[in-house]
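Novice: The listed protein sequences derive, respectively, from chains A and B. Counting in the numbering used here, the first sequence runs from 10 upward without gaps. Counting in the numbering used here, the second sequence runs from 10 upward without gaps.
Some hints could be false.
Identical copies go unnamed one by one, so any copy, or any two together, can satisfy a pair.
Using 25 Å as the maximum straight-line C-alpha spacing, the simulated DMTMM-like pairs for lysine to aspartate or glutamate come out as follows [what the hints assert, rightly or not]: (1) Lys229 x Asp37; (2) Lys44 x Glu214; (3) Lys161 x Asp408; (4) Lys278 x Asp408; (5) Lys162 x Asp450; (6) Lys429 x Glu24; (7) Lys393 x Asp475.
Hints in this document: simulated from the structure, not taken from any laboratory.
2 protein chains.
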Amino acid sequence: MSSILEEICTHVLKEVTPEPGERQRLQDLTLRLIKRTETSARENNLEVSVRLEGSLAKDTWLSSDVDIDLFIGFSPEVGRKRFEKVALEIARKVAEGHEQKERFAEHPYLEARIEGTRINLVPFYKISSDRAKRSDWMSATDRTPYHTEFIKKNLGDSLKGDVRLLKRFMKGIGVYGAEIRVGGFSGYLCELLTIHYGSFIKVLEAIAASGEMITLDYMKSYRNGDELQKFFSSNFIVVDPVDRRRNVASSVSSRKLNEFRAASRIFLKSPRERFFFPGITQPFGPDGVISTMDGKGTDIIFIKIGGAGVVSDILWGQLYKTLRSIERYLRQNDFQVLRSSAWSDEANCSLLVFELERNLLSMTKKHLGPPISKIKESADFLEKYLGSKELVAGPWIEDNRWVAQIRRRSMDARVLLERKVKNGGRDIGVGSFIAEAAMRDLEIFVNEEILDFLSSSRDFAIFLTDFLYGRPRWLESDRGNT
Amino acid sequence: MSSILEEICTHVLKEVTPEPGERQRLQDLTLRLIKRTETSARENNLEVSVRLEGSLAKDTWLSSDVDIDLFIGFSPEVGRKRFEKVALEIARKVAEGHEQKERFAEHPYLEARIEGTRINLVPFYKISSDRAKRSDWMSATDRTPYHTEFIKKNLGDSLKGDVRLLKRFMKGIGVYGAEIRVGGFSGYLCELLTIHYGSFIKVLEAIAASGEMITLDYMKSYRNGDELQKFFSSNFIVVDPVDRRRNVASSVSSRKLNEFRAASRIFLKSPRERFFFPGITQPFGPDGVISTMDGKGTDIIFIKIGGAGVVSDILWGQLYKTLRSIERYLRQNDFQVLRSSAWSDEANCSLLVFELERNLLSMTKKHLGPPISKIKESADFLEKYLGSKELVAGPWIEDNRWVAQIRRRSMDARVLLERKVKNGGRDIGVGSFIAEAAMRDLEIFVNEEILDFLSSSRDFAIFLTDFLYGRPRWLESDRGNT
Chain A
10 MSSILEEICT HVLKEVTPEP GERQRLQDLT LRLIKRTETS ARENNLEVSV RLEGSLAKDT
70 WLSSDVDIDL FIGFSPEVGR KRFEKVALEI ARKVAEGHEQ KERFAEHPYL EARIEGTRIN
130 LVPFYKISSD RAKRSDWMSA TDRTPYHTEF IKKNLGDSLK GDVRLLKRFM KGIGVYGAEI
190 RVGGFSGYLC ELLTIHYGSF IKVLEAIAAS GEMITLDYMK SYRNGDELQK FFSSNFIVVD
250 PVDRRRNVAS SVSSRKLNEF RAASRIFLKS PRERFFFPGI TQPFGPDGVI STMDGKGTDI
310 IFIKIGGAGV VSDILWGQLY KTLRSIERYL RQNDFQVLRS SAWSDEANCS LLVFELERNL
370 LSMTKKHLGP PISKIKESAD FLEKYLGSKE LVAGPWIEDN RWVAQIRRRS MDARVLLERK
430 VKNGGRDIGV GSFIAEAAMR DLEIFVNEEI LDFLSSSRDF AIFLTDFLYG RPRWLESDRG
490 NT
Chain B
10 MSSILEEICT HVLKEVTPEP GERQRLQDLT LRLIKRTETS ARENNLEVSV RLEGSLAKDT
70 WLSSDVDIDL FIGFSPEVGR KRFEKVALEI ARKVAEGHEQ KERFAEHPYL EARIEGTRIN
130 LVPFYKISSD RAKRSDWMSA TDRTPYHTEF IKKNLGDSLK GDVRLLKRFM KGIGVYGAEI
190 RVGGFSGYLC ELLTIHYGSF IKVLEAIAAS GEMITLDYMK SYRNGDELQK FFSSNFIVVD
250 PVDRRRNVAS SVSSRKLNEF RAASRIFLKS PRERFFFPGI TQPFGPDGVI STMDGKGTDI
310 IFIKIGGAGV VSDILWGQLY KTLRSIERYL RQNDFQVLRS SAWSDEANCS LLVFELERNL
370 LSMTKKHLGP PISKIKESAD FLEKYLGSKE LVAGPWIEDN RWVAQIRRRS MDARVLLERK
430 VKNGGRDIGV GSFIAEAAMR DLEIFVNEEI LDFLSSSRDF AIFLTDFLYG RPRWLESDRG
490 NT
């Protein structure tokens, strides 16, 4: 390891490893919450076992950046409806008097903020190890205790710092988090990668040198790569040691994997602390936005949609789907889309952003008709266009097909999108909840028309600034950070 | 045959069939010219046989639209150089005192205008029928007497009117002529098609109904279509009855074949005399050009190049090649080309015309970099663009590759083309003679800048008017003809 690399890692590790005081505070809080949960369960005439899960349980958490994940274990005999209902009742009681929010993954759970720390109170079914071996789970969270056990058993104390470095690195370059908004790496995946490759640096080296395919099968659950590939059909496969049918890396988008790949290479070659701590973007003010937009000579279209009233993962799933659909629709209508991105406050408003070469197209376009060999289609084509108002020139024959120059229906991207999205745009692939929200509350801004909204949200201003720069923070050397 | 169709054919046939007076005049002139040629040859101490060839010999010529093709037959013992030199001397003597022009196909010949008729004086070698059977020709014109004999023998008197109708139809729709400028059907090909299918209408019906492939092997020189296709590799094959190795249809471009196909279908369905006689385009004046251009909202670029000093077929071959090359170059530089076309006075100036959606592109563009899996290329890409003046935003990762937003080198099609063509543009595929001419004399006009030149050439004004309409005359029902 180069001495600069070593120095940086040592320094970062110091930053992210919790001090005894912080550990003690969290341990005390955890114990009190476990007791409170057990009491609350007993008041509901239920015998539950409460377990600490997550990075705190595995001692792989980052200082000042940790949730307490309390898992409330139900007997498999409790019916699913009761499991969901009672778990929330118990949890609400535990968090009584504190900020709390019902959340939803595969089933509901409660997020609360108690003494400055985020607490997740999550129900699960206690599945026997026999059933677990058969992957006979009852709910999506039932695996978690087995994950925790696996990591506790296989991650030596000496590797915990490496996991912390890897997590901080991934956070720094923006690829950490299995939630749909990020599409990146889960904490569990970081732990498995560290166990498999043996250190933080070895993970980076392996990923940096990896080809198209990355497959990890720690428990040798499959005979070979072909069998793995056949079962999971993915370029990035990490078989879950506690459930051979699950790919722990399935949450990782190819973009995020490639960002991790590229950042690993560059970091190993030119180590910098900014990979771990990129700093917070200093957002442009109105003048900065305008002059940057002018300097690009492109047009940026903002579709602002009201709150969709769905949980984060569903919202982001639909935002990304809608982003792709609208981008495709723009391309089909001959607009050159350079980039697109989505922002949301996850409550009242979301924005879909498209950067176009131009938002106004030429008035007319070349329209390819049928091959001359298609007699019926050719006759229909001529019948349709000859003498029609759409026709500007032609039809003429180019090689073996009819071609005409016709007037465009939509020269203006704003008009095109307004017409389509204000009716929901379900036919072009707008997500159902986004469509409903758009029909209630839709605004479209072009270029500097966004300034009003920009001044109302610092988070959006940061998003837009990063969008305008367009490169990952870890590639920056010239941008001022706060 | 529908009565309208019959009526039209009868009327057109009357127009194109020569009256006895015209026949007599041409016959007299022909006899005098043959005698004069023989005398001139004898003065050069050469014994030649002079033959009338072409449509006049075959009685398939169109009234008021005929050349006298006099072929001067040399013995195979005469050397090639002498053959070329003496033939021209003889011909010049024949045309003495008349407008005359040296022309060049595979070898030189003389074109003259005598008593208002165009005369072609063409040398050929008299090849014995044994050698002819072996396709053992000495020059490209040696086949012609055999073509004439074949047609005389196989085209009954009753079919001559059908050939005349077919030729007039092809002239009317603009597909007649084997020269490179047209890329269409030769007179000989019209005669063969008529013999093969049996009448004018039957030719049209056959072509209208034809699939992708048309193959005619009148003499059954090949075993089957596969063998034909293998030998000629073309979609339109008409084996020359006097030379099995020659495809009489090789001059026909797929565009012209398809125009003939499409026009045949439409004519058979809705017969109109305008297919035969489309009239002469009434050219737009300056106001008409400007208002039509404005109505299209496109940009038209005119590349005007001085005389190339080469014969017609070579000029047009290079003009078309150059047209394709420049169109490709424009597309490579992100310009949307709707159409292109070439015009030339075949002496002092040629124009290449490109209609673009816009002649100005956006300032910046999306530039696709290497896949992340290419480690070296990725590093080079980042090195090249990070911190470069070209870079406007990014680089970012899209799926599996690097992408950057960069400044365009050329936003303006005129600047792009000027820079390239004024140096000849050989590297992008500009033809050699065109390149030389362009380096001597090049002007580029955009849109209404062409008006000055337009007012100087009625022929160009007609060309541009047809270009702006963009559809074949036979599709027009609404355009006024003179």
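Novice: Confirm or reject each hint.
Specialist: Right, here's what the structure says about each hint:
1. Taking the closest pair of Cα atoms, Lys229 and Asp37 never come within 25 Å of each other, the shortest separation being 40 Å inside a single copy and 101 Å across copies.
2. In this assembly of identical chains, Lys44 and Glu214 lie within 25 Å of each other by CA distance neither inside one copy nor across copies; the values are 44 Å within and 94 Å between.
3. In this assembly of identical chains, Lys161 and Asp408 lie within 25 Å of each other by CA distance neither inside one copy nor across copies; the values are 69 Å within and 35 Å between.
4. For a Cα distance limit of 25 Å, the shortest separation of Lys278 from Asp408 across copies, 23 Å, qualifies, whereas the shortest one inside one copy, 53 Å, does not.
5. In this homomeric assembly, Lys162 and Asp450 never come within 25 Å of each other (Cα to Cα): the closest approach is 52 Å inside a single copy and 83 Å across copies.
6. For the identical chains of this complex, Lys429 and Glu24 are neighbours neither inside a copy (50 Å) nor across copies (58 Å), given an alpha-carbon limit of 25 Å.
7. Only between protomers do Lys393 and Asp475 lie at most 25 Å apart by alpha-carbon distance; the minimum there is 21 Å, versus 48 Å within a single protomer.
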